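Going line by line, the protein sequences match chains A and B. Taking our numbering, the leading residue of the first sequence gets 1, the next gets one more, and so forth. Taking our numbering, the leading residue of the second sequence gets 1, the next gets one more, and so forth.
Don't take each hint at face value.
[What the hints assert, rightly or not] Which chain A residues face chain B? A few, computed with CB under 8 Å, are given here:
no., residue
1, I123
2, S231
3, L311
4, A337
5, A404
Quick caveat, the hints were computed from the structure, so don't treat them as lab data. Please read all numbers here as calculations on a predicted model, not as lab measurements. Here a beta-carbon is modelled for each residue, glycine too, at the ideal position from N, C-alpha and C.
Number of protein chains: 2
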Amino acid sequence: MSDAVSPLASPFPTLPAIAGVTPRIARAGYKDWGRCDLTYVELSEGTEVAGVFTKNICCSSEVELGREQVKAGHARALIVNAGNSNAFTGYRGREAVEQIMAQVAAHLGCAPDEVFVSSTGVIGVPLPKDKAREGVARVLTEVPASWEDAARTISTTDTFPKGTTATAIVGDTKVTLSAIIKGSGMIAPNMATMLGYIFTDGAIAPAFLQELLGAATERSFNCITVDSDTSTSDTVLAFATGKAGNARIEGYDSPGADAFAAALSDVCLQLAHLVVRDGEGAQKFIEIRVTGAVSDTSARRIGLAIANSPLVKTAIAGEDANWGRVVMAVGKAGEPADRDRLAIRFGDVWVARDGLAVAGYDEAPVAAHLKGQDIRIGVDIGLGDGTATVWTCDLTHGYISINADYRS
Amino acid sequence: MSDAVSPLASPFPTLPAIAGVTPRIARAGYKDWGRCDLTYVELSEGTEVAGVFTKNICCSSEVELGREQVKAGHARALIVNAGNSNAFTGYRGREAVEQIMAQVAAHLGCAPDEVFVSSTGVIGVPLPKDKAREGVARVLTEVPASWEDAARTISTTDTFPKGTTATAIVGDTKVTLSAIIKGSGMIAPNMATMLGYIFTDGAIAPAFLQELLGAATERSFNCITVDSDTSTSDTVLAFATGKAGNARIEGYDSPGADAFAAALSDVCLQLAHLVVRDGEGAQKFIEIRVTGAVSDTSARRIGLAIANSPLVKTAIAGEDANWGRVVMAVGKAGEPADRDRLAIRFGDVWVARDGLAVAGYDEAPVAAHLKGQDIRIGVDIGLGDGTATVWTCDLTHGYISINADYRS
Numbered sequence: 001m002s003d004a005v006s007p008l009a010s011p012f013p014t015l016p017a018i019a020g021v022t023p024r025i026a027r028a029g030y031k032d033w034g035r036c037d038l039t040y041v042e043l044s045e046g047t048e049v050a051g052v053f054t055k056n057i058c059c060s061s062e063v064e065l066g067r068e069q070v071k072a073g074h075a076r077a078l079i080v081n082a083g084n085s086n087a088f089t090g091y092r093g094r095e096a097v098e099q100i101m102a103q104v105a106a107h108l109g110c111a112p113d114e115v116f117v118s119s120t121g122v123i124g125v126p127l128p129k130d131k132a133r134e135g136v137a138r139v140l141t142e143v144p145a146s147w148e149d150a151a152r153t154i155s156t157t158d159t160f161p162k163g164t165t166a167t168a169i170v171g172d173t174k175v176t177l178s179a180i181i182k183g184s185g186m187i188a189p190n191m192a193t194m195l196g197y198i199f200t201d202g203a204i205a206p207a208f209l210q211e212l213l214g215a216a217t218e219r220s221f222n223c224i225t226v227d228s229d230t231s232t233s234d235t236v237l238a239f240a241t242g243k244a245g246n247a248r249i250e251g252y253d254s255p256g257a258d259a260f261a262a263a264l265s266d267v268c269l270q271l272a273h274l275v276v277r278d279g280e281g282a283q284k285f286i287e288i289r290v291t292g293a294v295s296d297t298s299a300r301r302i303g304l305a306i307a308n309s310p311l312v313k314t315a316i317a318g319e320d321a322n323w324g325r326v327v328m329a330v331g332k333a334g335e336p337a338d339r340d341r342l343a344i345r346f347g348d349v350w351v352a353r354d355g356l357a358v359a360g361y362d363e364a365p366v367a368a369h370l371k372g373q374d375i376r377i378g379v380d381i382g383l384g385d386g387t388a389t390v391w392t393c394d395l396t397h398g399y400i401s402i403n404a405d406y407r408s
Numbered sequence: 001m002s003d004a005v006s007p008l009a010s011p012f013p014t015l016p017a018i019a020g021v022t023p024r025i026a027r028a029g030y031k032d033w034g035r036c037d038l039t040y041v042e043l044s045e046g047t048e049v050a051g052v053f054t055k056n057i058c059c060s061s062e063v064e065l066g067r068e069q070v071k072a073g074h075a076r077a078l079i080v081n082a083g084n085s086n087a088f089t090g091y092r093g094r095e096a097v098e099q100i101m102a103q104v105a106a107h108l109g110c111a112p113d114e115v116f117v118s119s120t121g122v123i124g125v126p127l128p129k130d131k132a133r134e135g136v137a138r139v140l141t142e143v144p145a146s147w148e149d150a151a152r153t154i155s156t157t158d159t160f161p162k163g164t165t166a167t168a169i170v171g172d173t174k175v176t177l178s179a180i181i182k183g184s185g186m187i188a189p190n191m192a193t194m195l196g197y198i199f200t201d202g203a204i205a206p207a208f209l210q211e212l213l214g215a216a217t218e219r220s221f222n223c224i225t226v227d228s229d230t231s232t233s234d235t236v237l238a239f240a241t242g243k244a245g246n247a248r249i250e251g252y253d254s255p256g257a258d259a260f261a262a263a264l265s266d267v268c269l270q271l272a273h274l275v276v277r278d279g280e281g282a283q284k285f286i287e288i289r290v291t292g293a294v295s296d297t298s299a300r301r302i303g304l305a306i307a308n309s310p311l312v313k314t315a316i317a318g319e320d321a322n323w324g325r326v327v328m329a330v331g332k333a334g335e336p337a338d339r340d341r342l343a344i345r346f347g348d349v350w351v352a353r354d355g356l357a358v359a360g361y362d363e364a365p366v367a368a369h370l371k372g373q374d375i376r377i378g379v380d381i382g383l384g385d386g387t388a389t390v391w392t393c394d395l396t397h398g399y400i401s402i403n404a405d406y407r408s
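Please model the entire structure based on the sequences and the hints provided.
Encoded structure:
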């Protein structure tokens with residue numbers, strides 16, 4: 001955890017315990033620091049799992065293994081190492097992961113591929129096997145930790161711990177989701193990978209959980225950007241212990257499937273927003289709403305082109321209603337658009353319409369909106385029914401300071 | 001022109017006059033400034049032209065018109081307005097351009113579509129027709145200006161004037177190219193569009209000139225990036241007066257075609273480098289050489305993914321040999337790559353190979369290289385024969401200051 005807390009930070013909420021889920025933390029000493037850096041979450045027998053992973057082709061061993069493990073759909077434990085990402089470390093990095101999987105599996109009496117491992121931190125240095133072995137041995141028998149402590153322990157350059165919760169009524173059973181996440185840039189100096197973990201006591205078939213998680217990801221984690229860079233380790237896992245006692249959700253026709261899907265979507269969106277709110281150097285949270293595109297996919301691409309534009313992000317940092325930069329970003333997105341049908345708003349005020357500045361628009365509410373912390377930009381393409389919302393933060397001197405003003 | 005000159009600036013070279021080309025400058029007063037802001041280049045009868053334009057779909061009227069004009073291949077004049085880009089101004093912007101074309105055409109007794117117009121500066125404000133009319137009336141009869149004065153007059157946020165020259169022996173005739181360019185971000189606060197103009201006394205068929213210019217652009221202007229943003233007005237035009245007296249170059253089989261092509265390529269590359277050297281906030285010029293990709297196209301995409309990565313660019317600003325960020329950028333490019341075959345060098349020292357840090361590489365020459373102004377990064381993908389070289393600059397506090405620390 002970093003010293004200076006993001007001005008966009010929100011307090012850690014009260015997260016309910018999830019039956020069948022027990023977090024524990026310890027210090028493996030992956031870096032020369034006093035904090036805990038090893039998180040172990042024990043999952044009761046019968047826990048099912050789904051996961052989404054980075055599309056970065058140079059991914060870590062943890063991601064390669066995780067992709068295979070979720071196919072089987074069974075999980076008994078999660079281990080998260082902080083301080084060393086174990087990425088770009090070849091066979092030695094893979095050996096370290098397999099050692100952890102075997103060690104935890106022996107303790108729990110489960111198969112090694114029911115043990116999920118994530119690592120985040122410096123790259124190019126194989127995770128030290130001796131520190132991992134000793135740390136895991138300790139953490140397995142630690143007293144249970146709070147969600148907030150677990151959220152702190154998986155963090156690296158984050159400036160505040162991040163968690164959220166939601167509930168759903170499935171049949172007549174209340175199902176709860178509690179979730180934690182870390183990440184503050186797509187990658188930071190020490191690879192500030194996004195790692196998110198969702199735990200539910202609901203019973204749900206892993207194939208359907210995977211489908212729901214994939215759909216929720218499209219509208220949450222895949223709709224945020226801090227700096228357009230993509231970590232080699234990004235991972236979101238959803239674990240379902242089934243302890244709530246609901247009739248197992250098998251598909252959309254199962255009772256409560258929609259309610260569960262909505263709760264999962266909500267959790268993913270909250271987690272995604274928390275990552276943006278801890279964006280490196282962020283001073284403002286920016287929502288970009290695109291309407292009127294030829295398709296939802298096209299709308300999202302346009303939204304991300306705007307969200308990734310350094311010139312748009314610096315304009316917002318400068319509290320400048322520079323709609324010309326938004327036009328530029330729409331035009332470079334490579335998606336259908338018509339300059340003379342474009343409309344752009346800041347907050348609730350349309351500043352450009354039909355390819356022209358709106359003559360005599362009221363600048364006072366625009367200026368007031370841009371001075372705030374939560375900025376909303378609207379773009380109507382004027383061609384179709386496609387819509388999307390994406391989120392990002394502004395680009396400030398803080399980002400440069402975090403990423404350039406240091407020596408490794 | 002800005003006050004603080006880029007540390008990467010190079011002095012304006014001695015550019016030869018081109019027979020049949022006469023630059024003139026004047027002050028139209030598009031902004032409230034004392035400098036000249038209107039450039040007129042008169043071209044002798046029979047001048048042929050080729051051009052490449054921004055791919056930004058929200059392009060200016062000037063670009064829309066220019067694309068049509070180059071198809072005819074004839075040119076008698078170029079007008080460049082600085083201080084107002086006339087972009088996103090609807091029919092009123094287009095009327096202003098057409099007025100200029102008609103006014104110059106009447107003076108020269110040529111067709112309006114032989115008059116090329118570019119505009120650069122603030123957007124969303126139609127080019128004032130009265131100022132344009134009076135400015136054009138004055139500039140048409142001004143005394144000839146130097147190339148350096150013309151280069152200064154087309155500039156907006158540039159910190160130094162930019163020009164270059166080359167010669168080629170075509171048959172037994174010496175052919176000369178002189179060229180000027182402006183641009184310091186893909187777009188700056190006031191839309192620092194890239195506008196480049198190449199003038200030659202060579203005789204060359206416009207269709208073949210277009211082919212050569214397109215090919216040269218692929219390896220020059222399309223291989224540079226300052227901030228990944230694409231102006232709505234980017235334009236490069238090549239004008240050939242034919243006054244050198246060479247046998248007209250009709251295609252690759254014509255005598256001297258290769259020599260002319262090489263000179264044109266060289267001019268384009270020099271102009272492209274000059275734009276990067278004036279990149280907003282740039283402290284270092286970065287060359288990224290990609291080898292071993294599955295194709296040249298793939299290599300360029302990987303190179304641009306590295307060059308556009310804020311994390312790579314801030315690492316270079318921090319003089320940090322952070323090869324992990326280069327790995328990340330390779331992996332997010334969406335091109336074939338194999339983590340375990342990747343090799344990365346800074347300067348001439350390979351720091352990672354076969355997916356691992358090179359054990360015990362000599363850090364002293366790497367650190368010394370990164371302290372310099374001209375940084376070279378090499379990436380070998382290890383899969384094929386595809387190669388590309390791209391150029392960018394570092395991302396510094398200066399970029400944020402230029403683009404965020406102001407109010408419009």
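Okay, the hints, checked on the actual structure:
Proximity of I123/A to chain B holds as hinted, the smallest CB-CB distance being about 4 Å (cut-off 8 Å). Hint on S231/A holds. Least Cβ distance to chain B is approximately 7 Å, under the 8 Å limit. A cut of 8 Å between beta carbons decides the hint on L311/A: the least distance to chain B is about 5 Å, and the hint holds. Interface restraint check for A337/A: the shortest CB-CB distance to chain B comes to about 5 Å, inside 8 Å, so the restraint holds.
Given the 8 Å rule on beta carbons, the hint for A404/A holds: about 4 Å separates it from the nearest Cβ of chain B.
Every hint from the earlier list agrees with this structure, and none is contradicted.
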